[in-house]
Amino acid sequence: MTEGAPNEVLDVILENAMMIPERTFEAWREPQTFAGTPRSTVANLLLVCKRWHDIGEPWLYESAIIRTREQMNALAIAVTREYKNGRKLGWYMRRLRIDSGYADTASLFLRHTPKIVSLFLGFDISIDDQTKRLMRALRTINPRRLYMDSMRGLSADIGYKSLAGLLANAVAGALPYWTRLARIDTSPDFIWLVALIPPLRELKSLSIVSMSNHSAMHPMAYDVIETLIANPSIKTIQIRDGIHWLAWRGPRPDYDKEKIYLGEGNDMVSWADFPHTVLLPPSHRLPEFPDKLWRRIFKHATARPHDVIHEHVNATRRGIVLVNRRFYDLGIEFLYTRPLLVSERAVDGFLERVSASFRLAALVQDLDVSVDGPLSEPKYLRTPLVGLRRATRAIKVFPTLLDHVAGREVLLLTSLEQTLSRKDSLTQSTFRPFVHLRRLALYGGSGINADDSRLEILTNLESLALYDSEPGVVAVFSSLQLSSLQDFEFEMSSATLMVVFLMRHGHKLDKLVIDLGTGTHDDDVPVFDLCPSVTTIHLITPTPPSAVPFMNRSKPHLCLRHLVFPAVAVESRSDLPPGIEQWNNFILSLTQMRRKLPALEEIRTLAAFEWPLHQDEYQRAMSCAAHIAHGLHKIGIFLSDARGTRWMRFDPIEQEEYQSYQARVVASQSQLQTVPLPAMNVGIGMTPPHA
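Here my numbering is used: the first residue of the sequence shown is 424, the next is one more, and so on.
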């Protein structure tokens, strides 16, 4: 197709295909970066023909991301090779990113790539990384932009401070030689090690430094902002999460406000543009704002927090609306729309107030309880809740909620999760008012199949969960059309009872959630044969099962692609060896039944997942994740975390656990414990190479 295209056109095509995108190059590392990043195959484009190779090779070496010592060694060999025409691949290198993998050849590599413009350095280095001669090699380049990335900060890992200090000393010794360095960016968790701060004062070309509040205010950094302000060439000191810097102890009166910018992107604002602080005399009167503005204030002030919830937060929310009558009238709806119930006392008080006031009951939309542990007794709410949209099991509102629905009235509920007694009898018509319901979970109850002709009920229901159900309840839902149903959840011990339901609705299901529990069950139930279109199965169990349930007598399932464990963690070192044995047994069972699950491509765990940050953690299998990923990879299945990031690295791993290895090596290398700061001034007979 490109035979007739001129070299200039092919050059543009290969440039766009082979260059590492700026967004990828600049992205701060995440726990998944090392083992979860797929290998690039873009170099295969150079194998199309000799013309493509000659034109595209410079773009392949324009930028590089290094994560292992083997990559560093290979690149060092490539850039030092000199061709007959005098061309050197190192001359094409403009952007270099070293996440980890500082090998002995790093100094050789840097000496042959003198035109680097952007340099990205990862500070989470391991005991096997080498920084010898790195300072001298860094002095041979003259980048315009420097990125410094750290994920662990100053964690408690053995020897980390010394290891990061070695790299910091190398960078500090090279900074005076970087006469074109215009910008420095640091990652959110980066710590300014002491060695890095003094050289910043003398960099005459440096104009922009971008960091987080964590980097700016960490005690190890002393006062990096003061040092930066003292450099007259620096015009912008950006604190990306500036709101935290302002709220904490960051601002000082002697800081130059013209240099400090808060926020990022379009939201970045100069600190000098902030209004001056004006101390007003104490006033006992509230400002005269219109109701519309006060309502916005109350909505924000009473918003339900997404993090850990405490009772004092709830007390503050209540106190705001109790200031005066006007505040109460304007703010009470925000307090009761999503009530914050963090203790049993709060639950009892809420139920008492709502039961006594139809006005308050009408405000409730989301009924949930955030109490740690079970309540001392069942809680009931029998008042009409006309605005209710979501209700969980903690407070029982169903089926008494139907006592307040007359004629053809409908309820606004979209999600309902309730525990029923055997006295709560259900029929098809029970669910007639629930026209908006999308998720329904029932625990217990009884049912009567009235053979109602009005089967077009729960037409919007997408997810159904039935636990501890009697045959009558299953019969009620089996008789309905449930035209939108996609997910079904049940206990493995009740699989035989659910056959009737699955025979009616199994063909439309996309996801099954099976609670393996601890009771007895019949593994011969043809669950998968009745659900031929299921692509995802969630298995609720604290440990990996011995096998995928219901597969012994099933036919091959051609659609199942994802097997999900919501509660199985892959993190602790105690998983080796006890936990890994359970995983090995599960993987062995998958191997034996692989022909029955030809489409299965992923095992996902939604609980904690520990990723290795660099090569040595990976090779020495710091967690059992590497062992599991390798075992699954042998049968063509990927391991992934809650985000869906798949384990993509399958290099050989060693059996020695990384932390014990690291402790042993650090103990044998006492020189790492005290790392002196090398002289940063130019020595006798030495001049900066780019001065």
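I should point out that these hints are in silico values taken from the structure, not numbers from a laboratory. Because the structure is a prediction, the values reported are computed rather than measured. Every residue, glycine too, gets a C-beta built ideally from N, C-alpha and C. Be aware that a few hints might be false.
[As the list claims (entries may be wrong)] Derived DSS-like pairs (lysine-lysine); straight-line CA-CA distance at most 25 Å:
{"id": "1", "residue 1": "K819", "residue 2": "K802"}
{"id": "2", "residue 1": "K978", "residue 2": "K934"}
{"id": "3", "residue 1": "K682", "residue 2": "K722"}
{"id": "4", "residue 1": "K682", "residue 2": "K538"}
{"id": "5", "residue 1": "K846", "residue 2": "K819"}
{"id": "6", "residue 1": "K934", "residue 2": "K1019"}
{"id": "7", "residue 1": "K931", "residue 2": "K846"}
[What the hints assert, rightly or not] What follows is a list of derived Cβ distance ranges for each label pair:
{"id": "8", "residue 1": "D952", "residue 2": "Y803", "range": "23 to 31 Å"}
{"id": "9", "residue 1": "L709", "residue 2": "D933", "range": "50 to 58 Å"}
{"id": "10", "residue 1": "T958", "residue 2": "R559", "range": "52 to 60 Å"}
{"id": "11", "residue 1": "W475", "residue 2": "K538", "range": "20 to 28 Å"}
{"id": "12", "residue 1": "A695", "residue 2": "V858", "range": "32 to 40 Å"}
{"id": "13", "residue 1": "H827", "residue 2": "H1056", "range": "52 to 60 Å"}
{"id": "14", "residue 1": "K627", "residue 2": "E431", "range": "52 to 60 Å"}
{"id": "15", "residue 1": "P1075", "residue 2": "A653", "range": "44 to 52 Å"}
{"id": "16", "residue 1": "R861", "residue 2": "T966", "range": "53 to 61 Å"}
{"id": "17", "residue 1": "S463", "residue 2": "T966", "range": "35 to 43 Å"}
{"id": "18", "residue 1": "A653", "residue 2": "R603", "range": "54 to 62 Å"}
{"id": "19", "residue 1": "P674", "residue 2": "P713", "range": "52 to 60 Å"}
{"id": "20", "residue 1": "P674", "residue 2": "L716", "range": "22 to 30 Å"}
task: Sort out which numbered hints this structure fails and list those numbers smallest first.
output: 3, 4, 7, 8, 12, 14, 16, 18, 19
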